[in-house]
Amino acid sequence: MRPARSEGAVRVQAILGARFRVLEFDQSTHTSAEAAAAIGCEVARIAKSLIFRAAEDGPVLVVASGTNRVDERKLAARIGQKISRADPAFVLRHTGFAVGGVPPVGHQTAPVTVLDQDLRQYETIWAAAGSANAVFELTPDDLAALTGAAFADVAKA
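To convert a position in the sequence shown, counted from 1, into our numbering, add 3.
Simulated from the structure, these hints should not be mistaken for laboratory data. None of the values given here were measured: they were computed from a predicted structure. It is possible that some hints are incorrect.
As the list claims (entries may be wrong) - Label pairs and their calculated CB-CB ranges:
id	residue 1	residue 2	range
1	Gly-20	Arg-88	31 to 41 angstroms
2	Glu-45	Gly-83	27 to 37 angstroms
3	Gln-84	Met-4	34 to 44 angstroms
4	Ala-58	Gly-99	21 to 31 angstroms
5	Gly-151	Ala-58	33 to 43 angstroms
6	Ala-21	Glu-75	29 to 39 angstroms
7	Asp-60	Gln-30	28 to 38 angstroms
8	Ala-36	Thr-127	36 to 46 angstroms
9	Ala-36	Arg-88	37 to 47 angstroms
10	Ser-31	Arg-96	20 to 30 angstroms
Claimed, not checked - 20 angstroms max Cα-Cα, derived EDC-like pairs, lysine to aspartate or glutamate:
id	residue 1	residue 2
11	Lys-77	Asp-156
12	Lys-159	Asp-74
13	Lys-159	Asp-121
14	Lys-85	Asp-156
15	Lys-77	Asp-145
16	Lys-85	Asp-60
17	Lys-77	Asp-60
18	Lys-159	Asp-145
19	Lys-159	Glu-75
No residue lacks a Cβ here, since even glycine has one placed at the ideal position from N, Cα and C.
Working from the sequences, and respecting the hints, build out all of it.
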């Protein structure tokens, strides 16, 4: 583990400021399971950033617990429009980051954002930080403050 060096991770560190510390690992943190293994935490404490495509063609960001799958019907009802899964090109174009390294902040196009309420049960969580091997630790309250988003029930039962 080391401080941010890659372009994406350095960019996220600059957005976050000195209050947070972006860390890079030698191994991948691309998936929730890989991130949890690298960090040494429960998979549920990984705050994975998932991008969906809204009916109006804008990005929708869901920051979900690493063990949860997003219920697309719940999400569509929450934001008031149909959604579909975004392909990697859409994700890169709207966030500026590749799938597996999408942070909850610093996107090129401001997304509609919803936070998975299950993340609130943890004192701290870990989010991707701009590359497939970079993460940062924060609290659920930090996540809400950084994204300006609310927590909601978006997980599949």
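Outcome of the hint check:
1. Gly-20 to Arg-88: 31 to 41 angstroms: Holds: the Cβ-Cβ distance is about 32 angstroms, inside 31 to 41 angstroms.
2. Glu-45 to Gly-83: 27 to 37 angstroms: holds, 33 angstroms
3. Gln-84 to Met-4: 34 to 44 angstroms: With Cβ atoms ~40 angstroms apart, the hint holds.
4. Ala-58 to Gly-99: 21 to 31 angstroms: holds, 23 angstroms
5. Gly-151 to Ala-58: 33 to 43 angstroms: Distance hint for Gly-151, Ala-58 is violated at roughly 22 angstroms.
6. Ala-21 to Glu-75: 29 to 39 angstroms: holds, 37 angstroms
7. Asp-60 to Gln-30: 28 to 38 angstroms: This hint holds: roughly 36 angstroms between Cβ atoms.
8. Ala-36 to Thr-127: 36 to 46 angstroms: violated, 18 angstroms
9. Ala-36 to Arg-88: 37 to 47 angstroms: Taking Cβ atoms as reference, Ala-36 and Arg-88 lie about 20 angstroms apart, which means the hint is violated.
10. Ser-31 to Arg-96: 20 to 30 angstroms: holds, 23 angstroms
11. Lys-77 to Asp-156: Judged against 20 angstroms, a Cα distance of about 7 angstroms means the pair holds.
12. Lys-159 to Asp-74: holds, 5 angstroms
13. Lys-159 to Asp-121: holds, 11 angstroms
14. Lys-85 to Asp-156: holds, 17 angstroms
15. Lys-77 to Asp-145: Violated: Lys-77 and Asp-145 sit about 24 angstroms apart, past 20 angstroms.
16. Lys-85 to Asp-60: holds, 10 angstroms
17. Lys-77 to Asp-60: holds, 18 angstroms
18. Lys-159 to Asp-145: Roughly 24 angstroms separates the two Cα atoms, so the pair is violated.
19. Lys-159 to Glu-75: holds, 8 angstroms
In the structure shown, a violation is registered for the earlier hints numbered 5, 8, 9, 15 and 18, in ascending order.
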